[in-house]
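Undergrad: Residue-level listing of the chains:
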Amino acid sequence: DGGITQSPKYLFRKEGQNVTLSCEQNLNHDAMYWYRQDPGQGLRLIYYSQIVNDFQKGDIAEGYSVSREKKESFPLTVTSAQKNPTAFYLCASSRDSNYEQYFGPGTRLTVT
Amino acid sequence: EDQVTQSPEALRLQEGESSSLNCSYTVSGLRGLFWYRQDPGKGPEFLFTLYSAGEEKEKERLKATLTKKESFLHITAPKPEDSATYLCAAQYNTDKLIFGTGTRLQVFP
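Quick note, the sequences are listed as chains L and V, same order.
Using my numbering, read the first sequence as starting at 1 and increasing by one per residue.
Using my numbering, read the second sequence as starting at 1 and increasing by one per residue.
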């Protein structure tokens, strides 16, 4: 089955620790995205990548980092510099930036 | 500033009671208007893309329409399984989508 996988579904970390969220797609899409979703707010773009080995900051990139070494993978690291990391994180991909985005199931990160 | 506004925030319907959800967007430079459905604790599921005013798309009990300043998601004779949050997003002259905050729909039997 083609799709987007995110792991783990739930993640718990202590404050001050970095954590990496996984996102893999087998749709052969060029573009991949990371969003953050908080209650009462729209999805906010963290980082996006239109091609391997290239990525751009979104609207809320501070405290996050990404890599795009393979077309199918776009991991997100939440660093200790992110002030409010507890949130629902969504990964998406699209054929390119002119097409609809397809989302993964999400990772809920809780930092205490 | 480009933005997307959805209304109402929440909508309660009786099964079979048709209604519409609204998505207003900034007028200039729209490249595409997207509708998604999101169930609690899950990722959004793509429904429709609309590109130009007057365009309409349908899927089962859902129909999306687009005017020059807003989009509507019409739900005809809804069923309890249509209960979800419906998100719209607009793409302007960039590679990014701007999402609204969603309409939470509850359909009661």
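No lab work stands behind these hints, which were simulated from the structure alone.
You may find that some hints are simply not true.
[As the list claims (entries may be wrong)] Below are the EDC-like pairs computed for lysine to aspartate or glutamate, each with C-alpha atoms no more than 16 Å apart in a straight line:
no., chain 1, residue 1, chain 2, residue 2
1, V, 42, V, 15
2, V, 42, L, 38
3, V, 57, L, 24
4, V, 96, L, 96
[Unchecked claim] Partial pick of chain V residues on the chain L-facing surface, computed with a CB cut under 7 Å:
no., residue
5, 34
6, 42
7, 46
8, 49
9, 53
10, 54
11, 92
12, 95
13, 96
14, 100
15, 101
[Claimed, not checked] Label pairs and their in silico Cβ distance ranges:
no., chain 1, residue 1, chain 2, residue 2, range
16, V, 59, L, 39, 22 to 30 Å
17, L, 9, V, 55, 34 to 42 Å
18, V, 18, L, 57, 27 to 35 Å
19, V, 41, L, 69, 26 to 34 Å
20, L, 26, V, 77, 34 to 42 Å
Built from N, CA and C at the ideal position, the CB exists for glycine as well.
Undergrad: Give a verdict on every hint.
TA: Going through the hints against the structure:
Using a Cα cut-off of 16 Å, the hinted pair residue 42 of chain V and residue 15 of chain V is violated, with the two alpha carbons roughly 24 Å apart. As the CA atoms of residue 42 of chain V and residue 38 of chain L are separated by approximately 13 Å, the hinted pair is consistent with the 16 Å bound. Taking the CA atoms of residue 57 of chain V and residue 24 of chain L, the gap is near 30 Å; set against the 16 Å cutoff, the hint is violated. For the hint linking residue 96 of chain V to residue 96 of chain L, the alpha-carbon distance of about 11 Å falls within 16 Å, and the restraint holds.
Look at residue 34 of chain V: its Cβ gets to within about 6 Å of chain L, closer than 7 Å, so that hint holds up. The interface hint given for residue 42 of chain V holds, since its Cβ lies 6 Å from the closest Cβ of chain L, which is under the 7 Å cut-off. Satisfaction of the interface hint for residue 46 of chain V is found here, the shortest Cβ-Cβ separation to chain L being roughly 5 Å, below the 7 Å cut-off. Restraint check, residue 49 of chain V versus chain L: the minimum CB separation of about 5 Å is within 7 Å; hint holds.
Look at residue 53 of chain V: its Cβ only gets to about 19 Å from chain L, farther than 7 Å, so that hint breaks. The closest approach between the C-beta of residue 54 of chain V and any C-beta of chain L is roughly 20 Å, which is over the 7 Å cut-off, so the hint fails. Against a cut-off of 7 Å between C-beta atoms, the interface hint on residue 92 of chain V is violated, since the closest Cβ of chain L lies about 12 Å away. With a cut of 7 Å, the hint placing residue 95 of chain V at the interface with chain L holds, because the nearest CB-to-CB distance is about 4 Å.
Residue-level restraint check for residue 96 of chain V holds (minimum Cβ-Cβ distance to chain L is 6 Å; threshold 7 Å). Against a cut-off of 7 Å between C-beta atoms, the interface hint on residue 100 of chain V holds, since the closest Cβ of chain L lies about 6 Å away. The interface hint given for residue 101 of chain V holds, since its Cβ lies 5 Å from the closest Cβ of chain L, which is under the 7 Å cut-off. Residue 59 of chain V and residue 39 of chain L have their C-beta atoms about 28 Å apart, which keeps the hinted 22 to 30 Å range intact.
Under the hint 34 to 42 Å, the C-beta atoms of residue 9 of chain L and residue 55 of chain V, about 36 Å apart, fit the expected range. Checking the proposed 27 to 35 Å range against residue 18 of chain V and residue 57 of chain L shows it is violated: the Cβ atoms sit about 43 Å from each other. Range check, residue 41 of chain V to residue 69 of chain L: Cβ separation about 30 Å, and the 26 to 34 Å hint holds. A hinted range of 34 to 42 Å holds for the C-beta pair residue 26 of chain L and residue 77 of chain V, which are about 37 Å apart.
When each numbered hint is compared with the structure, violations occur for hints 1, 3, 9, 10, 11, 18.
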